[in-house]
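Number of protein chains: 2
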Amino acid sequence: MENFIYDTPTKVYFGRGEELKVGKIIKEYNPRKVLLHYGGKSAQASGLLDRVRKCLSMEEIQYVELGGVVANPELSLVRKGITLCQQEGVDFVLAVGGGSVLDSAKDIANGVANPDVDVWDFSLGKVQPKKTLHKGTILTLAAAGSEMSNSCVITNADTKEKRGYGSPCNRMDFAIENPELTFTVNAYQTACGTVDIGLHTIERYFCPGHDTYLTDAVAEAVIKSIFKAGKDCLANPCDYEARANMMWASSLAHNGLTECGRPSQLVVHQFEHEVSGLYPQVAHGAGLAAIWCSWARYVYKANIMRWLQYASHIWNVDIDFEHPEKTIEKAIDLQEKYYASIGMPINLRSLGVKQEDLEPMALACSRNKTRTLIGDKPLAYDEILDIFKMAF
Amino acid sequence: MENFIYDTPTKVYFGRGEELKVGKIIKEYNPRKVLLHYGGKSAQASGLLDRVRKCLSMEEIQYVELGGVVANPELSLVRKGITLCQQEGVDFVLAVGGGSVLDSAKDIANGVANPDVDVWDFSLGKVQPKKTLHKGTILTLAAAGSEMSNSCVITNADTKEKRGYGSPCNRMDFAIENPELTFTVNAYQTACGTVDIGLHTIERYFCPGHDTYLTDAVAEAVIKSIFKAGKDCLANPCDYEARANMMWASSLAHNGLTECGRPSQLVVHQFEHEVSGLYPQVAHGAGLAAIWCSWARYVYKANIMRWLQYASHIWNVDIDFEHPEKTIEKAIDLQEKYYASIGMPINLRSLGVKQEDLEPMALACSRNKTRTLIGDKPLAYDEILDIFKMAF
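Taken in sequence, the protein lines are chains A and B.
Going by my numbering, the first residue of the first sequence is number 1, and it counts up by one from there.
Going by my numbering, the first residue of the second sequence is number 1, and it counts up by one from there.
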């Protein structure tokens with residue numbers, strides 16, 4: 001087990017009606033002015049935004065609004081948000097939405113608090129934010145795990161780069177999670193969330209490490225629960241218990257709990273960022289599903305025992321000790337079938353990705369052949385291109 | 001699933017050598033003066049206290065010392081600590097030791113920060129602390145989980161009352177967990193820790209609730225890991241990986257993670273507090289082991305399905321669908337044998353408890369027949385006495 005720091009300060013208010021506490025919760029931070037940040041139509045149409053405005057007004061909290069966050073949130077809106085906050089003297093950011101809104105809010109908070117730095121340099125890893133504003137969220141989509149994570153992923157539409165960065169400054173002060181707010185999430189987005197949540201933990205599970213059986217067992221708990229919850233949410237979108245387990249899985253999968261004692265890199269996420277960076281219409285979870293099984297088949301032989309454990313514990317495949325590869329391939333097949341069964345793509349072609357873009361994507365993913373992704377089988381440019389081709 | 005608040009702000013520094021960071025970590029809080037609080041001989045003899053003193057001095061941190069915390073930490077020393085802190089202008093408490101030292105430190109920090117309240121009133125539940133001092137710990141014993149919990153248990157030697165209270169003020173700001181510091185914990189204390197850690201989660205698991213399958217699976221992960229780690233630590237006290245999994249299990253078992261969405265009361269702990277309150281020589285974990293199996297046999301029929309899940313998932317007992325009770329009894333027997341195998345008592349008699357004390361203990365546990373412990377089978381005075389008699 002490697003040394004680690006566990007630091008998950010986000011306070012979670014979980015359950016029915018919890019969003020009505022938002023005014024009182026923010027009041028504790030005694031903010032000068034709040035930025036109410038959100039996406040588009042759904043939070044407005046559902047009446048959620050009006051309820052939030054009312055809660056803020058009841059506590060006499062001053063606020064300004066900025067909507068318009070899109071899936072794969074854009075740097076240009078982040079810059080607009082920073083300018084607005086500076087003009088208005090905003091010192092607290094409230095994100096109402098899913099992972100895109102949250103990440104946009106995080107980047108705005110970091111940009112405002114570090115005015116001497118170009119905010120895109122955070123994403124490029126050139127500089128780390130030293131401070132941030134207080135911030136919280138009312139979550140409306142169980143997927144990205146941004147509500148408890150230290151992660152922030154932003155897309156630069158000009159350069160078609162999608163880049164994530166981790167920082168303690170990216171932790172929300174609080175997250176309000178009412179599963180009822182996700183009843184209206186459509187089947188496709190629910191399936192995308194299922195994939196994304198699962199892979200936040202599965203990808204950590206396959207980072208090289210040893211003797212972390214407590215972390216492994218917790219990870220397996222999250223993985224099995226999300227496969228069940230995803231299926232149940234699709235069968236009945238208003239199943240409170242399924243939505244609740246899915247939402248809580250979203251938070252635990254990505255808050256650091258499932259990586260304690262192991263190195264951590266979300267390898268398949270690195271592949272996917274190139275896909276949805278170049279094709280912004282591709283939903284992140286769909287992109288992940290299209291790549292994961294190819295990645296798995298490409299790398300599993302580098303750690304047969306680890307993959308046997310996965311096959312046995314997650315997919316309940318009986319171990320064929322004479323032909324362990326068959327056991328593993330059966331498990332990967334089962335996961336592929338699961339993805340197909342919830343309407344997810346299992347290759348890139350079906351997402352509209354063009355063959356001629358595979359090489360540029362591999363080049364970008366390897367940072368022009370300067371980056372090797374970690375794993376029992378490390379992946380440099382050539383391997384990354386192989387996997388993109390397999391996944392095509 | 002019930003609504004819940006998840007709030008575990010304690011920052012954990014986990015692994016080899018992490019205690020050497022203590023000076024730099026405390027410096028971030030910019031303290032006026034630190035109380036260095038500890039127990040007795042072992043932290044001194046091991047050289048740990050000298051290393052800590054050196055780390056504090058290197059950062060030019062002022063400190064005063066108070067040692068002498070005993071197992072089942074006493075109110076009298078807490079009062080002494082509060083007076084010392086007031087006289088010396090202490091505003092930060094550093095606990096070096098196990099759960100007893102940590103709880104003593106928490107109570108001192110709460111007492112100093114709330115000078116208008118008698119500190120024992122926190123334990124009696126008459127009043128909640130409103131503020132506290134910053135505090136951290138270097139943990140030397142994996143057992144109580146106090147390093148991340150909101151719990152504090154103090155014994156009043158005058159009245160022979162042992163009382164715990166929960167409060168956000170009881171959360172440590174940071175916890176330094178180096179598994180190597182537990183290599184010298186003897187076999188008996190290691191076994192006691194194994195019991196205590198396991199029951200922090202097992203007792204939550206059996207609180208009434210529904211549709212918390214993610215929380216259940218995480219709880220089962222912690223429970224299975226601690227049974228394995230406990231055995232491995234006893235087989236080889238210097239097995240770093242076993243000590244590491246045990247130490248991390250200690251933190252996760254009691255930080256709130258394994259109760260999300262369920263009501264929570266540590267029922268068997270309530271029984272045990274009466275035992276070691278009256279018999280301070282009884283180690284807490286040993287007292288728990290002596291009671292748990294009797295409690296389990298007394299209550300299981302009130303929720304056959306939950307206990308079948310436990311028997312199957314934790315003890316891998318094949319379910320006898322025609323005679324489910326047999327399945328459950330087999331699992332309880334296995335747990336009893338496990339406790340015996342690690343040198344733990346399985347009845348109160350062997351701990352020196354006298355038969356004539358059972359009624360007074362039941363009376364105290366039921367708070368003079370005014371308190372009913374929660375569960376699928378609620379336990380008032382009569383049931384508590386039945387269980388004490390079974391466990392005798």
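What the hints contain is simulated information worked out from the structure, not anything from laboratory work.
Please note that a few of the clues may not be correct.
Copies of the same chain are indistinguishable here, so a pair counts whether it falls within one copy or spans any two.
Derived EDC-like pairs: lysine to aspartate or glutamate, alpha-carbon spacing no greater than 20 Å straight-line [as the list claims (entries may be wrong)]:
| hint | residue 1 | residue 2 |
| --- | --- | --- |
| 1 | K11 | D173 |
| 2 | K228 | D211 |
| 3 | K21 | D7 |
| 4 | K160 | D173 |
| 5 | K21 | E2 |
| 6 | K27 | D7 |
| 7 | K24 | D7 |
| 8 | K11 | D211 |
| 9 | K160 | D118 |
| 10 | K33 | E88 |
| 11 | K80 | D376 |
Because the structure is a prediction, the values reported are computed rather than measured.
So, going through the hints one by one against the coordinates:
In this assembly of identical chains, K11 and D173 lie within 20 Å of each other by CA distance both inside one copy and across copies; the values are 6 Å within and 14 Å between. With identical chains, the CA atoms of K228 and D211 are at most 20 Å apart between copies only, with a shortest distance of 12 Å across copies and 27 Å within one. Proximity of K21 to D7 under the C-alpha cut-off of 20 Å is restricted to the inter-copy arrangement: shortest distance 16 Å between copies versus 25 Å within a copy. Proximity of K160 to D173 under the C-alpha cut-off of 20 Å is found in neither arrangement, the shortest distances being 31 Å within a copy and 41 Å between copies.
For a Cα distance limit of 20 Å, the shortest separation of K21 from E2 across copies, 17 Å, qualifies, whereas the shortest one inside one copy, 39 Å, does not. In this assembly of identical chains, K27 and D7 lie within 20 Å of each other by CA distance solely across copies; the values are 18 Å between and 24 Å within a copy. For a Cα distance limit of 20 Å, the shortest separation of K24 from D7 across copies, 17 Å, qualifies, whereas the shortest one inside one copy, 25 Å, does not. Within a single copy, K11 and D211 get their C-alpha atoms no closer than 30 Å, and across copies no closer than 22 Å, so neither meets the 20 Å cut-off.
Taking the closest pair of Cα atoms, K160 and D118 come within 20 Å of each other only inside a single copy of the chain (18 Å); across copies the shortest separation is 63 Å, beyond that limit. For a Cα distance limit of 20 Å, the shortest separation of K33 from E88 inside one copy, 8 Å, qualifies, whereas the shortest one across copies, 40 Å, does not. Taking the closest pair of Cα atoms, K80 and D376 never come within 20 Å of each other, the shortest separation being 42 Å inside a single copy and 55 Å across copies.
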